[in-house]
Amino acid sequence: RKEVEQDPGPFNVPEGATVAFNCTYSNSASQSFFWYRQDCRKEPKLLMSVYSSGNEDGRFTAQLNRASQYISLLIRDSKLSDSATYLCVVLNDYKLSFGAGTTVTVRA
Amino acid sequence: GAGVSQSPSNKVTEKGKDVELRCDPISGHTALYWYRQSLGQGLEFLIYFQGNSAPDKSGLPSDRFSAERTGGSVSTLTIQRTQQEDSAVYLCASSLGSAGAILFFGPGTRLTVL
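Chains as they are written, first to last, in our numbering: chain A, 4 to 111; chain B, 18 to 131.
Among the hints, erroneous ones may be present.
Derived DSS-like pairs: lysine-lysine, alpha-carbon spacing no greater than 27 Å straight-line [as the list claims (entries may be wrong)]:
#1 B/K74 - B/K34
#2 A/K45 - B/K74
#3 A/K5 - A/K48
#4 B/K28 - A/K45
#5 B/K74 - B/K28
#6 A/K5 - B/K74
#7 A/K82 - A/K48
#8 B/K28 - A/K48
#9 A/K98 - A/K5
#10 B/K74 - A/K48
#11 A/K98 - B/K74
#12 A/K45 - A/K82
#13 B/K74 - B/K32
#14 A/K45 - A/K98
#15 A/K98 - A/K48
#16 A/K5 - A/K45
In case anyone wonders, no lab produced these hints; they're calculated from the structure. Since this is a predicted model, take the numbers as computed values, not measurements.
Just chain A, with the same shape it has in the complex:
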């Protein structure tokens, strides 16, 4: 079983829509969780950390469910510039494990 699993998508949504997707992780002892964003042929960049209580950063909301071992990301009022691949990242000790990514395409 992979350490981090994501629905690859793609999620094709119109501008202004809300899109949400999950990621599951296998190690119940994982300490920290993140969402990274990767644009086509570019390096990943941190989008946001995920806290146990859930957190928002503008139009982005992240949730963590430790009992079910999943993390979610919700994007409200989608913009064309949100089109990217979103990578779920889980920290175990020093090792950051990446999911294969969920592709989101926002259309005009």
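Given chain A, work out where chain B should sit, using these hints.
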């Protein structure tokens, strides 16, 4: 300010040749990671350095792969006797302080083995 840099940006080589990839992390970042990403795939962990030490080399795919870090700064990833399946983007990332802090990635080296 300067970010993580990697060189070369692109490398095309023939099967069986050795290649050396370089990473210059952000100054002061003690943790350094190498990952590789094949087309359409996720990031595969290769190796982690804390300072000049590599406590975990288990991600290296085979004994043809080696990495070192000197002066707590520059790191090189060497692939000997390259194979076609080594073709991928090799990404280096660094972070400040302890592992698990925010990773800053370099632009990657795109390796193509013919």
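Do the hints match the structure? See the list:
Note on B/K74 and B/K34: the hinted pairing holds, with a Cα-Cα distance of about 22 Å set against a maximum of 27 Å. In summary, the hint linking A/K45 to B/K74 is supported, as the alpha carbons are separated by about 25 Å, within the 27 Å threshold. Between A/K5 and A/K48 the CA atoms are separated by roughly 22 Å; this keeps the pair inside 27 Å, and the hint holds. At most 27 Å may separate the alpha-carbon atoms for a hinted pair to count; B/K28 and A/K45 meet this at roughly 17 Å.
Restraint check: the Cα-Cα separation between B/K74 and B/K28 comes to about 24 Å, which is no more than 27 Å; the hinted pair holds. Between the alpha carbons of A/K5 and B/K74 the distance comes to roughly 19 Å, so the proposed pair stays at or under 27 Å and holds. Note on A/K82 and A/K48: the hinted pairing holds, with a Cα-Cα distance of about 18 Å set against a maximum of 27 Å. With a CA separation close to 23 Å, the supplied pair B/K28 and A/K48 stays within the 27 Å bound.
Distance hint between A/K98 and A/K5 is fulfilled; the C-alpha atoms sit about 14 Å from each other, no more than 27 Å. Distance check on the hinted pair: B/K74 and A/K48 sit about 24 Å apart at the alpha-carbon level, within 27 Å; holds. Only pairs whose Cα atoms come within 27 Å are accepted, and A/K98 paired with B/K74 is accepted, the gap being roughly 11 Å. Straight-line distance between C-alpha atoms of A/K45 and A/K82 comes to about 19 Å, which keeps the hinted pair within the 27 Å bound.
With a CA separation close to 24 Å, the supplied pair B/K74 and B/K32 stays within the 27 Å bound. With a C-alpha separation of about 22 Å, the suggested pair A/K45 and A/K98 falls inside the 27 Å cut-off, and the hint holds. A distance of roughly 17 Å separates the Cα atoms of A/K98 and A/K48; the hinted pair therefore holds under the 27 Å criterion. Pair hint A/K5 plus A/K45 holds up; C-alpha atoms about 24 Å apart against a cutoff of 27 Å.
No hint from the list above goes unmet by this structure.
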